[in-house]
Each structure stands twice: as C-alpha cells, then as structure tokens.
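Peer 1: If you read the sequences in order, they're chains A and B.
Heads up: the first sequence is residues 1064 to 1857, going by the numbering used here.
Heads up: the second sequence is residues 3 to 277, going by the numbering used here.
Calculated directly from the structure, the hints in this document are not laboratory data.
C-beta: ideal position from N, C-alpha, C; glycine also.
Incorrect hints may have been included.
[Said to hold, decoys possible] Some but not every residue of chain A turned toward chain B, in silico, with C-beta under 8 Å:
{"id": "1", "residue": "1094"}
{"id": "2", "residue": "1105"}
{"id": "3", "residue": "1108"}
{"id": "4", "residue": "1109"}
{"id": "5", "residue": "1380"}
{"id": "6", "residue": "1381"}
{"id": "7", "residue": "1385"}
{"id": "8", "residue": "1388"}
{"id": "9", "residue": "1389"}
{"id": "10", "residue": "1390"}
{"id": "11", "residue": "1391"}
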Amino acid sequence: MKEGSEDFPKVLSPSASISAPAPGFSNTLRKISRLARKELRESLRDRRTLATLIVMPLIVYPLLGSVVQKFAVSRIDLNAPAAAVVVDQTLSPGLQSLFAVPDASQNETTAQNETTAQNATSASVAAGNDDSTRSGDLQDSGKNQKSDDSQARLEDLTKQLLEGKLPDGQSSIDGVETTIRLEKYIQPPGTDLESIVREGIADVAVLETLPHQDPVTGVVTQSEIRIIARQGDAFSTKAATEAARRISAFRDEYVRAVLDQTRFGRQVMPAISRVSLQSTGPKESPLSAFVPLMLVLMTMTGAVYPAIDLTAGERERGTLEMLIAAPVSRRNLLTGKFIAVFTVAVLTAIINLTAMILTLYGTGFDRVILGEGASIGMFLQVLSLLVVFASFFSAVLLSITSFARSFREAQAWLIPLMLISLAPGILSLMPGVRLTIGLALLPLVNIVLLGKELFQGIAAPHLFVITLVATLTYTVLALRLAANVFGSDSVLFANNSGGGSLSKRPVELTDEVSKSQGIGYLLALLPAFIVLAGLRGRLVDPLNLSGQLVLSGLMTLLLFTIFPALLTTWNRVRTTSAYAIRSFPPLALLGAVLLGATLWTLSYEALLLGKGTAAWTKLLSNPKLQELAQRLTQETPLLLRLLTLAVIPAICEELFFRGFLMSALLGRSERWKSALFTSTFLFAAFHVVVDQSLTLERFPATFMLGFVLGWIRLSTGSIFPGIVMHAVSNGLLLSLTELQPLLARLGLDLAVKNETHLPAWFLAISTGLSLIGAMLIHRSSRKARKQHHEESGP
Amino acid sequence: MAMSDSEGRTDAVIDVRDLVKRFPAAAGDVLAVNGVTIQVSAREVYGLLGANGAGKTTTLRMMLGLLKPTSGTARIAGFDVAKFPEDVKRNMALVSASAALYQWLTPRELMHYFADLYDVPAAAAAARVEQLADLFELRKFMDRQCAGMSTGQQQRVNLARSLMHDPPIVLMDEPTRGLDIVGSKRIFDFTSHLKNIGKAVIFCTHRLDEAQRLCNRFGLMFRGRLQLEGTLDELRSVTGRESLTDMFLDLMAREQQIDLDASALKVSEASAGKR
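One chain only, chain A, in its complex shape (with noise of 0.2 Å):
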C-alpha cells in the first residue's frame, strides 16, 4: 500500500457500487455453480481429500483382493495344517489306515504325539504320494474273510480318501467342498481320548467299541464308531465331519464286501451320488453383498472430509463470515457446498467402482460376485446407484455437519451417525435378504441390497425405482434440513460456551426445551424403546396379555413423561411452557371430543380406498397384527385395555410429541410449520416402529391423527384438548368389539377385513361433526392467541 492518502490511485470511485445486481434464475444457477467451483477448487487442492478420494481405492482394492485371493486359495492348500486324529491303540487297522501318518520332521517337533513304529515308515502317505503300505493293515485285520476283489476294493478306497477325493469318485477340489488332512497319532497309554481332544491337544478323537451282550440281561449293544470333537471349534468340527465322512465311506464298502458274501450280493445297497446343478436362482456369494457394502462405506468416507470441511471446518477458520457477508442466500451457499460435497463423492464413487471392478476382474473373482460377469451396463447401473447414494449421503452429511461449530464437533458427530449406517449394511450382508418395497424405502439398506441385486443380475426394476425415488426423497428432506440449520444465526454466531454440556446445570428457568436436548432425547429414546420392549417380554410371560398391557403402559409412561420430565427438570425448563401446561378455552375441548369421536372415519376409508389397489393389499393386511387385536379383545378387560392404550398413551404421548418435542421444535421462532410437520412424522414413524415387524399400515392413519393433534396444539396453545381427543379416539377404536352390537343395530359392519365400506349416511354426519370440531377450535384458537399475547405484552 502506498504511504499518504493523496497517493491512493483512484481505484475507488465516491459512491456507487459496482455489484450489479441481476436477478434471474439463471443468474441463480450461475451463482450457485460458481459458488460450488470455488468449494470444489478448494477441496481438491486439499491433500486429505485426494488421499481419500484417490489413494485409498488405488491401494485398498487391490490389497483386500490379494488378501481375499490368497484366503480363498489357501482353503485348498495342501500345505494347510493338518488335523490331530488321535485314536486308540486297539482301534481296528481298517479305521486306522483312513488317516494318513503325520511327517517325520513334524514328529520330531509334536512332542506330545506319538506315532508308531509301523506307521512311521509309510509317513510319505501325508504328502500325496502313496505307495501302498496300507495293505498289510486290511489284512491283518482279519476280522472277516474278504474275497480278494472285496479287499482290493477297499484298499482303493482307502487310497482315495487318502488323497482327498470324495467315495463317488468326486474330486474335492471342485470349489466349496473342502477336504481337511488328517493325521493320526495314537493314543498315549494312561491318557484319556476326550481329555486329550478336550484340551486341544489333538483335533478329533476316533473310538471304537465292539459289539457285546451283557451277561445280565442279554441285550446284545450294537458296535459304535465314536468322534468326539471340540465343540465351538470350526477347525475340530470340520476335521470330525471328515473323519466321519470316510468312516461311513469305510463302513459302507465293507456292508457291501458283507453283502457279497450273502445271496443279496452289493448291488441291494443303493450308491448315493451327488449331483451338483448350477442354480437359476441368485448365485449368492458373500463377497456379493460385501462389495456394495464396501463401495457404500468407501463413498461416505469420500464425502465426509469435505462436508466437513465446507461447513464446520469454514465457520472454525473464521471464512464462513465473509462469505455469508455477500450478497447470496443461504440456501444458495448450501446448495453449492452440496454440489461440491457430492462431486467429489461421485468422484470417489468411480475411482472405487472402477478400481473394485479391475480388482476383481484381475483376481478373478468377477465370475464370484457378479452373476454375469461385468458389463457396461451394470457398470452404470450400479454407479447410478452409487450416484444417488453420494447425493443422498451428502446431503446427511452436511445437514449434521452444519450443526457443529469446529471440525473437531462435527467429527464426533459424524461417528455415530457412521456406526448407525453400518448396521444396515451389515443386515444385508446376511445371505438370502432380498430388497422388498419396505426396505426400498429404508435409507443405507436399500442401496447395499439392490446394489447387492445388481452385481447378481436379479434387481426388479420396480424397487430399483423405488429406491431411487426413496433416496432422492430423502435426499431433498436433509438438504432442506441443512438449509435450516445453516441459515439460523445460533449455529453461525453461537458462542462456544452454549453447547449444553451434561454435567453443567443450567442456573436460571428457561422457557423452551432447546433444540439438543430435544435431538439427544429422540436419539436416546429408540435404544430405549428396544431395550425396555425386549425386558417387558422377559418380566412378564409374552402369552399373559394383561401382564403385557400393563407393561406397556409402564413403558409409554417412563419413555414419554418421566424420562423427559427428568431432562427438563435437570435443565430447568419450565414445566408449564415445555408441555404446555395451560388453560385453554373450554368450546375446544367440545372440539377436540368431535373430533376424536368422528375423525377414524376418515382413516378407516382411506384403508379401504387404499386396499383397493392390489400393491398395497399385500402392503396392509398384516395378518399378526389382525391376530393380537382379535386376542387382545377376547383375554383382557376392556378398563385394563382403555388404560393402557387409550389414556395413559394419550396422556404421555401428547406431553411428549405435541409438549417436549414441539416446545424442542418451536424453539423461539414462529416456524410452526415445520415443527408440525417433523413432530407428526416422527410421531407417526414411532408407531410404525413400535412393532418388531414394520407395520407401515399404521403411518397413513397415524400421520393424520399426529397432524391433527399437532394442529390443536398449536392452535389453543395448550396440552390438554389434544389428550382428550387422542383418548376419546383411541379409546373409540379399542371398545369397537363392545359396541358392535349399538353399531349392528346402526346397520354399521366394521371389520377391515370384511372390507365393507360405511354407510354414505354415517360418514357424512361424522364428517360434518368432524368439521364442526375443526371450526370449534379453529375459533377458539383466535381467542386463545389474543389472551396469550395479552398475557404476554409489555
């Protein structure tokens, strides 16, 4: 800079500025992609982001491919350690030839092991090259007289279990059947064969006992070949799967040298043979769930450096003020760190998918995984799935990542969400799970799953497309999501100080609920859920359904209000505001008794409506849950059953949804709307989750009823119309049974499954009651809001 104002150049000019403002949307797209070019300039320059975006696929394919080549191979390496076949010494020969003897050289080194005299010379047999010394054992056995075409016979056989083959002639180097070494030591004198294999000393123990008849009774004991192997251990129980394997062989071709000897001759013992077919079904492999999974896990890892870097990481270095100081909106901001975040996911999405693919292709494996082999096209089938999935998990990202104040925060937030979407990969990973219309509609799973269908060339196009639209959905949701967040001033300005710790109690009252502690508690609360619903089936017998009952209603009261209450008492939330504890105008209450008495209708017929359509009926009609209604009405009093699940329910459910989680939403803004809606839908999604099964039936009629209850409590600005019109509907809906016989004589048939719809008469007044609640509380609500600001005014 140069020294004096006078010497300035007249770079500067008075007054006016030289941003010209052009409005448009395409000046809009050019903004936010010259906001995104800048973003992905940034992140690419950035050598974290280059090592996770190039280096790891070029280094981790071809490393886990080698390793797994080299796994698969060694599960048919001779070289592979042999197992301890440990025997008696009294064992007949026979049996005993069927286990090759261990190496001198290893002898030496296996104190514990002792071979024979006589074995020790045919050692060479463990090494594949077999020079008959066996014979002298068959003949010594002596235990019966064998035609010598009998004996050769077994001698053969034995020669091939030796070698590994299969009795059928079968090779058993032929993929999945494997054969294991075994080798055989005898027994110590004065030790005990379980003991022995009970320790690990060897493997497998073979024992033999004869036949004999008790000198009492005279009951002849048949002969028993016994192994005994170690429970829990593949190695063992692979080796005494062996070792069975050629006993019953052995056996086998000595009942049929018996056979000979009778006038049945060998050919009255049937031959098994095995006939292996390929399969037109999905060749499953588990290498064909683990790469999807892989290529999902490699993709986040790609978009997480940058998601964070871009939001939390741009507000810690203290750029994210200049830039919010220019004059774009943050959604537009957001959409371009988006972008960004997303590119470079896609990029790392290819860089993997290619590098897997040449990985497999190069290892061989592609015929394992693939079903038929690569091509094009599901070369972009699955990128275009990997497409969307970086979209949609970029956007996750951000969303959660825009909450944080420092890179370090959103790390730990980032975690958890990183072990959440591991679980459903894992889920998928087990074989014989296929994609169905629910879980297309399940984030993570959908995409491992169809990813999974799709290297196996089995992918219907209908969930392909559901997922897709799925993902995109939700795509859309954690973007608008993030937009909120990134926009509000407390995460761009807040003062580190805030950020509600645990252990600090807060010392003065405070009005809302904040938002972390909302968030934490619906974190915690599903954890929860699961652990107190799998005590409730442990404390009380699962067949005792009032016992159940009364669990259940423990459960919604411990999980809804005393739980929360607990949080808010801690935090010193004012009660009365966080739950909305207020008094209310008593026409909304007339309201909310209407509504709660009439608005099932509607949800009953759009049941029926829905029904109609032949993908939804297989959708709806959950025949276990049809099923515990029916018992729930025929083994528990109804008092017990209105408590339960009518009151306390609507009691706790309403302080909870409609109270804590709103209050939590609300915060101190005006955006009800969006509270509304996230409050009705999670609690919607509760219950749909509330079964182990997902009962996706219950979310059309629940959203309704959430929306509603939501609605009442915005409007009359208090708790208490909303418990009573949950109560009277819920309550409504358990005494159906008990008020059949009033219905019945309304001429009103209400059984779903009967799928009869309600008399026009019927649905019209209880529509109009319906509406007449709205306007009840519709009305009062003005009134409410007016005594409210009154209340509240300076």
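Put chain B on the given structure of chain A with help from the hints.
Peer 2: Here is chain B on its own, set in the frame of chain A:
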C-alpha cells in the same frame, strides 16, 4: 445516550434505529445489543468504540443482515435490511480481523471469486483485481496460495477482496488487530482515503487512542448500549474529559456504581449484557 443527532440526519447512508439483539442461552437470555441507534453519512468515519464484548460486532452483523435483530430497524443505502438483504450486502464491505482467507486459493482466485459473488462484470473484475493488487502491493504473491502468508499480507488481501465491488459503505471490525505499527498505519491511511473519496466508514476498535486520531464522530458502547455519541469536541464538552480513554474509564466507573445500587433484576440484566 445521545439521541439529539439522530432525527436530523437525512443524508445518512447507514441508518439503524433502536437495534436490540437478545441471544437465547441456557442460563437466561443475553442482551448483546440494547437499543442502539446510529446514523453515518458519506465522507464520514464513525468510530464505534468499546471493550471486547460490548456489542460492536453484533451491531455490525445486524447492519449487514447476518444477524436478525430482536427488534429495531436498519436501513443501508436506502434499503431495509430485513426486506432487501442482498441489496444491503451489495452496498457494503465488511473488513473483519476475525475473517480468514481460504488457505488453498490464491489472492487472485479469491478476488475473482468474490467479484463473481457480488455480480461484478468479468471485465470490470479483471481490471479491478489489477488495480487493487497495485494499491495493496499484492503483486509478489498474487498467485501463491494464501496458506503461507504473513498476518499483514493476509489482512491486505482481505481488504482487497472485500473492496472488489467498490461499495459506498465500509464496515471495519478491528481491522488492525494483530498488525504491527506499519501495518496499522497503512490501515489508518487507507481509511482516511476512503473517507476522502466519499465512503461512509464505521471503524470498530477497542483501541481508543488510535480511533481518536482517525474518526470524525464516535460512539462509545458499553454493555450493549451506546452510552456516549458525538464528535470529539461534543464529547469533551459533555464529559469534561480530554481523551476518549478517560471518558471510557468514567463510563465504566459510573456503570459499576449503578450496578451496586440496582435491584437484583437489574443486576441480572446488566450481567447478561456484559456476557
């Protein structure tokens, strides 16, 4: 509070009235800005002075529309901040010591980027980058990444990029923080230059001695309130003190006395303002 002046200024390009900002916090609300009214005209450097945490930065952020005021209005270059946030931003530059540069970009890229964000036409932007590079002597490192620059260099680049759109109003938030004597002097000289060519400048600092030499008018902020306002002469006649530092010390002593006298409620409110 000196309100006398506020109604009379019709030529003010910065016109904020009764700004209040209340931050919600777990331990009760924080009243960061409590009824601040400021008017600044072109060819004026207004010194917004006060200790750290007095509410200066929050006031600036509300002027720019970065923070939504709890109550009060702000008009910048005739635009209402609440209604036309983008027009307001177009007419303002924010030079902040707390702002950092993008480490992986070069000053040239950075300046072009901001030119685009402010819709500066490409040709004008290219010319301007060259001019500003000369003005702030950035030539030597125009194409080097910002990561390796000294504080002084970064501050100059920051100034250059914030002036890419040549706005009529410049907000300077502690622009000399972390700079050495030479660097500070450059900023002062440049601020005078901005005033001379007709810009309206708000200069925020807690260093009262340097402000005294630079600014035409002053506003002393303390605990979210604008306690004293006027030209140096006006302030001297009101307070009977010669230097801004002495005035400020008096102010603090007076506030502390009020604190002692006030009721429990008053104490909690004042302490909230202090935070």
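Peer 1: A separate judgement is required for each hint: does it hold in the structure or not?
Peer 2: Now the hints, each set against the structure:
Interface restraint check: residue 1094 of chain A against chain B, minimum CB-CB distance 7 Å, threshold 8 Å, status holds. Using the Cβ-Cβ criterion of 8 Å, the hint placing residue 1105 of chain A at the interface with chain B is satisfied: the shortest such distance is roughly 5 Å. For residue 1108 of chain A, the interface hint holds, since its Cβ comes within 8 Å of a Cβ in chain B; the closest pair sits about 4 Å apart. For residue 1109 of chain A, the shortest C-beta to C-beta distance to chain B is roughly 6 Å, which falls under 8 Å, so the interface hint holds.
A least Cβ separation of about 5 Å between residue 1380 of chain A and chain B falls short of the 8 Å threshold, and the interface hint therefore holds. The criterion of a C-beta within 8 Å of any C-beta in chain B is met by residue 1381 of chain A, whose closest approach is roughly 4 Å, and the hint holds. Interface restraint check for residue 1385 of chain A: the shortest CB-CB distance to chain B comes to about 5 Å, inside 8 Å, so the restraint holds. A hinted interface residue such as residue 1388 of chain A counts as satisfied when its beta carbon comes closer than 8 Å to some beta carbon of chain B; here the least separation is about 4 Å, so the hint holds.
Hint status for residue 1389 of chain A relative to chain B: holds, with the closest Cβ pair at about 4 Å, below 8 Å. Checking residue 1390 of chain A against chain B by beta carbon gives a least distance of about 4 Å; that is within 8 Å, so the hint holds. The beta carbon of residue 1391 of chain A is positioned within 8 Å of a beta carbon in chain B (closest approach about 6 Å), and the interface hint is therefore held.
Checked against the numbered hints above, the structure breaks none of them.
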